[in-house]
Amino acid sequence: MSWIVPARSGAGLALPGTDALRMDQGPRGPRFADIMAPVETTSATRGMPRGPVPSIPQHGPVTRPNLVAMGTIVWLSSELMFFAGLFAVYFTIRSVRAPLWHTETQKLSVGYAAVNTLMLVVSSVWCQLGVMKAERGQAARTGTLLQVGRWGMREWYVLTYLFGAFFVSGQVLEYSRLVQDNITMSGNVYGSVFFLATGFHALHVTGGLIAFLLIIGRTFTTRHYSHNQAMGAVVTSYYWHFVDVVWIALFATIYLLK
Amino acid sequence: MKVEYRLFLWLGVFFVVMSGIYGFWNGWTELAGPVALLLSSFLAFMVAFYIWYTGRHIGLRPEDDADGEIHQFEGDYGFFSPHSWQPLFVGFTAALCFAGLAIGWWLFIIGASLGVFALIGWTFEYWHGEHSL
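From first to last, the protein sequence lines are chains A and B.
Residue numbers for the first sequence follow my numbering, so the first one is 35 and each next one is one higher.
Residue numbers for the second sequence follow my numbering, so the first one is 8 and each next one is one higher.
Simulated from the structure, these hints should not be mistaken for laboratory data.
All values reported here derive from a predicted model rather than from experimental measurement.
Please note: incorrect hints may appear among the correct ones.
Computed footprint of chain A on chain B; a stretch qualifies when at least three of its residues, placed anywhere within it, have a C-beta under 8 Å from a C-beta of chain A [unchecked claim]: (1) 31-44; (2) 80-89; (3) 119-133.
Label-pair distances were calculated between CB atoms; the ranges are [as the list claims (entries may be wrong)]: (4) V149(A) with F99(B): 34 to 44 Å; (5) H90(B) with E169(A): 46 to 56 Å; (6) L237(A) with I117(B): 14 to 24 Å; (7) A102(B) with E113(A): 41 to 51 Å; (8) R131(A) with S91(B): 26 to 36 Å; (9) T255(A) with D83(B): 18 to 28 Å; (10) G85(B) with A283(A): 44 to 54 Å; (11) A283(A) with P69(B): 37 to 47 Å; (12) A174(A) with Y60(B): 20 to 30 Å; (13) H138(B) with L247(A): 15 to 25 Å; (14) L179(A) with Y60(B): 25 to 35 Å.
The C-beta atom is built at its ideal place from N, Cα and C for all residues, glycine as well.
Let's have the full structure, built from the sequences with the hints guiding it.
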């Protein structure tokens, strides 16, 4: 069997045409062909011009972390540092302007904000129920609208959207009331910090709402719920939970700690 | 993914300790530092938690095996856009919106209306047609 080794090492360098020639001439023709067959096929496909990929690869090896999910976490880390900056601003100005904080924080309605906070926290729960459906590959409900147990990812995400929209609307109302109480962005430093922190958070929630609409829209693009559609739904939920946790911290800082 | 999650876990612990030392040394008069350091620790803990959680689900990877081979790691990494004009349109409309904040709301409205098309075009680019993802 010693001849196999030189034959194989030669095959890697030789062109398919010369292999065929040798195969015809050589005394060990059929055997040579048996060994060459798989090698020849691979070299033939490698040499072929590559056309458009018929179906786009869905995901890598099973033991590789999903790049979309990991990338989202890395991006959320930078988002966390953005909010860290806002928190640092809040605490710094609070420490140098304690008397101003004492008068201005009394204008805040803690009960109203608590209800609003509850809506956002509950929306995160609905979002997670939607994720569980997405991971199971169920985009749409299988029963009627009233059979909540049979809801798909789409129904839960619509419910999340409604609760999130309630939160932002509630915050707009709260802003209008605070402006009537003379807390404005350019009024004093408390107003600046308050509207910067809560306003940037509200913008993030609004961005999340838009993302939910796009993710729900994507479920209508294919007949079967695809892996990539589910992945989009999952990473949007990461973002939503993150924004929710940031709000809990903001609520505790601005409304409870004062 | 034990190495990765421990790395971030200890980084988080380091930030907590540093936050305490920083605050203690200036007598808790300057609060921006401790808050920023504490939130840096949250960053590390968040990444650590996610890596730990992912590692528990996917099991050992080829690089976790001391005798692993490079070829074990080959395969598809996911979907990457080969070529797209859409981010340029999104960027352009976003620029219009931000310029609108400085120049006037009329420009913001134009930017936002165009932004709707840019955003939908961008997010649905590979989600329609025969080879929809």
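Hints, verified against the model:
Beta-carbon proximity to chain A at under 8 Å applies to 7 residues in the region 31-44 of chain B; the threshold of 3 is reached and the given coverage holds. Three residues within the 8 Å Cβ limit are the bar, and the region 80-89 of chain B against chain A gives 6, so the coverage statement holds. With a threshold of 8 Å between beta carbons, the proposed coverage of the region 119-133 of chain B by chain A holds, since 5 of its residues qualify and at least three are required. At about 40 Å, the beta-carbon gap between V149(A) and F99(B) stays in the expected band of 34 to 44 Å.
A C-beta distance of roughly 31 Å is found between H90(B) and E169(A), which places it outside the suggested range of 46 to 56 Å. The supplied range of 14 to 24 Å is met by L237(A) and I117(B), whose beta-carbon atoms lie about 20 Å from each other. Between A102(B) and E113(A) the CB atoms are about 21 Å apart, so this pair departs from the stated range of 41 to 51 Å. Distance hint for R131(A) and S91(B): a CB-CB separation of about 48 Å, inconsistent with the stated range 26 to 36 Å.
Between T255(A) and D83(B) the C-beta distance comes to about 21 Å, which sits within the given range of 18 to 28 Å. Evaluation of the 44 to 54 Å hint for G85(B) and A283(A) yields a failure: the beta carbon distance comes to about 32 Å. The given range of 37 to 47 Å is respected by A283(A) and P69(B), whose C-beta atoms sit roughly 39 Å from each other. Between A174(A) and Y60(B) the C-beta distance comes to about 28 Å, which sits within the given range of 20 to 30 Å.
For the hinted restraint 15 to 25 Å between H138(B) and L247(A), the CB-CB distance of approximately 24 Å keeps it satisfied. Separated by about 33 Å at the C-beta atoms, L179(A) and Y60(B) satisfy the suggested range of 25 to 35 Å.
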